[in-house]
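**Q** So you can see what is in the structure, the chains are spelled out below.
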Amino acid sequence: MASKPGKVLVIGSGPIIIGQAAEFDYAGTQACKALREEGVTSVLVNSNPATIMTDEGIADIVYVEPLAVEVVERIIARERPDGLLPTLGGQTGLNLAVQLAESGILEKYNVRLLGTPLKTIQQAEERSLFKKLLLEIGEPVPESDTVSSVEEARQVAERLGLPLIVRPSYTLGGSGGGIASTMEELEIIVSGGLAASMSQEVLVEQCLLGWKEVEYEVMRDAADNCVTVCNMENIDPLGIHTGDSIVVAPSQTLSDKEYQMLRSASINIIRALGIEGGCNIQFALAPGPVVAQRWSPNLHREDGSLYYVIEVNPRVSRSSALASKATGYPIARVAAKVAVGKRLDEIQNKVTGKTMAAFEPALDYCVVKIPRWPFDKFRSGDRTLGSQMKATGEVMAIDRSFEAALHKAVRSLEFGRKTMLWEDPGWGKDNSLDSYPLHPNDLRLWALMAALRRNFGVEDIARHTGIDPWFLHKMRNIVDMERRLLSESLTPDLLLQAKRLGFSDEEVGTLADKLPEQVRQLRRNWGLLPTYKMVDTCAAEFAAQTPYFYSTYEAENEADPTPEAKSLVIGSGPIRIGQGIEFDYCSVHAAWALQAMSMKSIMVNSNPETVSTDFDTSDRLYFEPLDEESIRDILENEGLDRPPVPTPTAIVQFGGQTAINLAEPLSHSGASLLGSSAEAIDLAEDRGRFEDFLHRLGIPQPPGAGVASMEAALNVARLVGFPVLVRPSYVLGGMAMEIVHNESEMARYISSALEIGTKHPVLIDKYLQGKECEADAVCDGEQVLIPGIMEHIERAGVHSGDSMAIYPGINMTEDEVQTLVDYTTRIGLRLQIKGLMNVQFVIVPDRDNTAGGKSKVYVLEVNPRASRTIPFISKVTGVPVVRIAVKVMLGQSLKEQGYSGGLWPKQKLVGIKAPVFSMSKLAGVDTYLGPEMKSTGEVMGIDHTFEGALVKSLMAAGLMLPRRGAVLLSIADRDKSEALPIIRKLASLEYHMYATEGTASMIQGAGMQVRMITKKLTEGHPNVVDIIGDGAVDAVINTVTGGRVPLHDGFRIRRAAAERRIPCFTSMDTARVAVLALVNPPQAGQIYDVCPLGEYLTYRNPNT
Amino acid sequence: MTKKALLVLADGSAYEGTSFGAEVTAYGEVVFNTSMTGYQEMLTDPSYAGQILVPTYPLIGNYGVNDIDTESCRVQVRGFVVREHCPQPSHWYSTKTVHEYLAAAGIPGIAAVDTRAITRRLRSVGVMMGVITSSMGMNEAREYLRGLPKYDMVDYVATITTGAPYYWGDTVESASSSYRVVAMDCGLKYNIARILTRLGCSVTIVPCTTSAKEILALNPDGILLSPGPGDPALLGYIEDTVRELVGKRPMMGICLGHQILGRVFGADTFKLKFGHRGGNHPVCDLRTGRVHITAQNHGYAVDPDGLKGNVEVSHINLNDQTVEGLRHRELPIMSIQYHSEASPGPQDNTYLFERFLDMVREAR
Ligand SMILES: Nc1ncnc2c1ncn2[C@@H]1O[C@H](COP(=O)(O)OP(=O)(O)O)[C@@H](O)[C@H]1O
Ligand SMILES: Nc1ncnc2c1ncn2[C@@H]1O[C@H](COP(=O)(O)OP(=O)(O)O)[C@@H](O)[C@H]1O
Ligand SMILES: [Mg+2]
Ligand SMILES: [Mg+2]
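As you go down the protein sequences, you meet chains A and B in turn.
Count the first sequence with numbering that gives the first Met the number 0 and you get residues 0 to 1103, in order.
Count the second sequence with numbering that gives the first Met the number 0 and you get residues 0 to 363, in order.
Just so you know, not all the hints are guaranteed correct.
[Claimed, not checked] Listed next, the in silico DSSO-like pairs over lysine-lysine satisfying Cα-Cα at most 27 Å (straight line):
id, chain 1, residue 1, chain 2, residue 2
1, B, Lys212, A, Lys349
2, B, Lys149, B, Lys95
3, A, Lys353, B, Lys212
4, A, Lys907, A, Lys894
5, A, Lys905, A, Lys853
6, A, Lys417, A, Lys349
7, B, Lys247, B, Lys149
8, A, Lys765, A, Lys855
9, B, Lys272, A, Lys353
In short, the hints are calculated from the structure, not lab data.
Remember, it's a predicted structure, so these values are computed and weren't measured experimentally.
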């Protein structure tokens, strides 16, 4: 066996995108900690600043740098690691490792690939090699062929027949794949897939729709010891990506023979691949008799256990994170140790403290995972689910029955306010199954429940959907209980039965005609309190040491209240647009800060992907929905009103909007909050109250008003002047925040708002054209510390989460900075914030010179909590913001901590945060930047110079333009003059330019060469979509006109760019910096530095 | 509609749930098994004779009961304790529900009890006698328990062994089978016979009371000592038979068979606090250093201290270091404490049958 490496490079997974979320922060963090335990020095590279793994104390040496071959080569040259661990950074890490290996860099610097050899990665990822290997070891695979052109695909279709599934190599989240039922679909999908695949080949495969999809997590060490950690059964059958499927663990409908058959196959496969570490294997298993009737009519009873191998991921994955949380077995930790030479039987099972990692967890509960889809944000998106993943995150719930786990998972979703009882009033109009959206889509669970409520039979629904009747019977149990709650009077026994099936107090209340609080009171009177049971990896066979709990209505409670002083950190739930990994980062730091203050930290969260739900992040973990009922139950279990047990406090500042929304109900119920009071939070969050508040402080805000009629809307708009920003004051289907430029656009917006028939007003604000800035701050009631101010590259009107942000601001005058500091300080003090807040500003220049050239600063909003930028600002300023805030909340003033108020000294570095989108995955979603957030993740470019930071942030975000290339321009009239200098630059760089009619004549008019391309898709070829699809252009610059309606030309252009995965700039500001970066292209010498994060920081707190 | 039932344990603890299966009172030693699948195999495993079984996995009966997954000719457990049993199983092979299966077999079950609480009690107090009843009250049941014989005092093997020798399959010896194996039935699981047959053996199953002479008269190429229930210390008569067979033919002992071999070679056996029952126990093969995940079902273990002569420990359990296998240094004799036949459980250990057959081949 090879010797143990002394220094290992770990590649992270980069920004959060659909298919690659927080699970890799969790995996990387665990792995770096494990390497340290093994005495191995870890060098980590990741471009994502919002990760725990890139923080001090996790890896030994941290690089926050773009995940690009040329960058990583420089890191390798500098650090000279012995080994590279490629399996922890998702598909990104794996692909980068392959590129490093294939370009000879690993060999050049004598770096060994650990865990998974190159050949194995190729065998598992290259679909044709994989198939060959499986056939060699006697494992069945569906009929298929690898093709590298559309023509070849057509031939395969003639041989195998349709439908077929297209599966590209080396991609993730099913990217670029899809199911084709017609030749036309096949052609479209294959050409998209070829574009997406790193190796320009796709597999065209027999489609096994309706088969069961079952996954196994397998571990193997160098001594060839193998274990399976867990298996998981997808409720949604094959054809729906596992990441988009509702999943149970362990499998429910497999007999022992089937369970063991697939387990043996898994071990067979991991051995053949020679993986040292973990891998995920996906199988198709024959559907049961009812489903088979429709989906696989030729199956016979003897074929009941037929299976095929679908895929192997030779690395840790989303599923392995789920399996780790579902079982308590830390897959990434074990995989890292195995990769540096440990045997499974030499690694301790930290959960039991007694046994070793060479065992298989036994579950004595049922786990349900439900994906979290972004369609509450992207209302025009195509909600249909298929082999390409669309979910941004997921929730997990644990209970002793499937019904309860399902119920709790739905409660954790925070999908609007939909409980399991929700139904769309438009469903079921003609009393047929077809009138419920039972095809794969994000609302299918609710549609299933609705159909069951209307007495459609389990078997009919099973045939219709391919979902095994077992799951539908369980759902019908829920419906039966709903009926009893509707018709019977509530008794202790009935209520207990309902709680055992997972009904929330709110649902019981709705059905039994009581308020949730009354149901809670009844529960108390009747002694119906949840018990908490431990996730211990061994089904209670051994006494476990790790306090990881879930609630259930059973006889015995295992979670005695923590006897020490403690506080509950309320996490942020599933990753979704607008509430991402940043809040998990904050929650984890909050837990650690509590521990540093000798308090016990108790974490509550429902997201299996995260570091916060790792078993050793906090002193205690409750895996629970983040709603009022469950938090109050936990607080009570931890000794609220139970002296002499110390009363637990709750922290709501770090878990994003989810946690902050609980401030009021928790405080109302008598819980004590740590930090800012519920009253302070309400003052900042309530629009009307906040307006008055700012007014009294004399701090300007955009003028505006709420309106309820067309006439009033037009009046307000005339009064404040167009353009205006309009938004519903209450979330409405189909309505979002928009910038409205004129009366006709206003008429369209208001009439559609009125059509929806809301009683809630529409809010109209003057749209302030100016520079957007934001500041995070820590307040202790006496002083306000502002670690840094960030200036956005995009002007106000682009959501702060979608803007590139620079630290420190580079275009702000000293006066403006002073005003920002002054406003922030006064707001913090007057709101009596204890802990964190974030303030967003617009700086409007004195355009018509009425204020003597002095700009004016407006406050857009104040968030009385940790914001999205906390990880970024902590990293670029070196100020441990969350730790300071928690200490403040526990009563240590800033002064006592060695800090003073005001703006923290500027670092001599430049940090640029850039957003990352997942638009190629979301058909039908318009990609233009506006006031509604759309990005899923972020990267950071940090350097000693602006140029370096800019180039790195663009590289990491995938927005760097090639040195020479071609661009398509289609620019709205009002932006044309602004675009001209950018176009001149492009021309001087010898860029080829294509443009639509108006834009082309402007460019010609300015004396530059351009090729005109029609945007009318019906008027001959090539049109705009053709040239994007052909790969003729490397980027698109397209700004929007009013009246964005899907199917308009602009929308088509933007979608085509998203599908082709080329940058599409919809803000002139982003385009400007992207072109600016080209003037100093990275290829031209070393415009950027590559060094460990700590080396950029020049100023540190002398007191800490 | 659902009738109440009680599970009362010898330490006085009582659990109220609902009755399923047959509505009768039954007692036995209460044990837990941590496998997540394979309830039908467990129910029919003769090693559970005299015991009430508590699967720790809460959802039981999901894929029903079929004609294939039986490990003996009847339901062997005395009673079944579950969190939830499934009235609507879903599977190609399912012919009935667990409830129907137990009811037809006259075996009681109790559901809707906190099986994890019961498991934790058994883990901390140790396995103990218990009673399932839907007719007695709590105190009555406690009283009843006191008067019952202890599990460790009954020879369950005698009650379940086959009445007469029989051949596995229809034919005495198919032309293709290369070895003749005689299996001593102390509680044989069918899958042992199935695997041996698949590996080309003809298998004759004989009662545990068969004498060495009778066994040798069948002219076997190898002898298999089967698993089975109860305290091996009560089985002196089988020990005597085995002692006589040592050195005559290659032998493989599984579970109870392993314990008997251990005793024959001078070791003592002792009762484990709560046994090993599940499909996830790591066992280290001391010769290769390899770890195997094993299916286990035993309440007693071999104490290696007394081992005499040329017998050595070949396998140990990585959880508690107990003996999991023995090997004779000279004679073709091997034994394992766990279940190489799986069913239920991981199939990683069928290689042991091949190892046995290698010995048989060499000895011939
Ligand atoms: N042969 C097939 N027939 C039907 N569906 C399939 C087939 N192969 C894959 N799928 C579906 O496509 C999904 C994505 O395919 P997969 O190869 O696992 O992509 P990824 O690499 O993104 O995980 C799977 O989860 C499965 O539901
Ligand atoms: N009055 C305004 N003028 C210009 N831009 C605005 C105005 N109000 C909001 N915005 C833009 O809309 C974005 C989102 O608005 P905000 O009120 O911060 O909503 P959220 O709560 O989603 O963060 C801001 O980041 C800013 O770019
Ligand atoms: Mg997959
Ligand atoms: Mg905002």
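**Q** State the violated hints by number, sorted upward, taking the hints as numbered earlier in the document.
**A** 1, 2, 3, 6, 7
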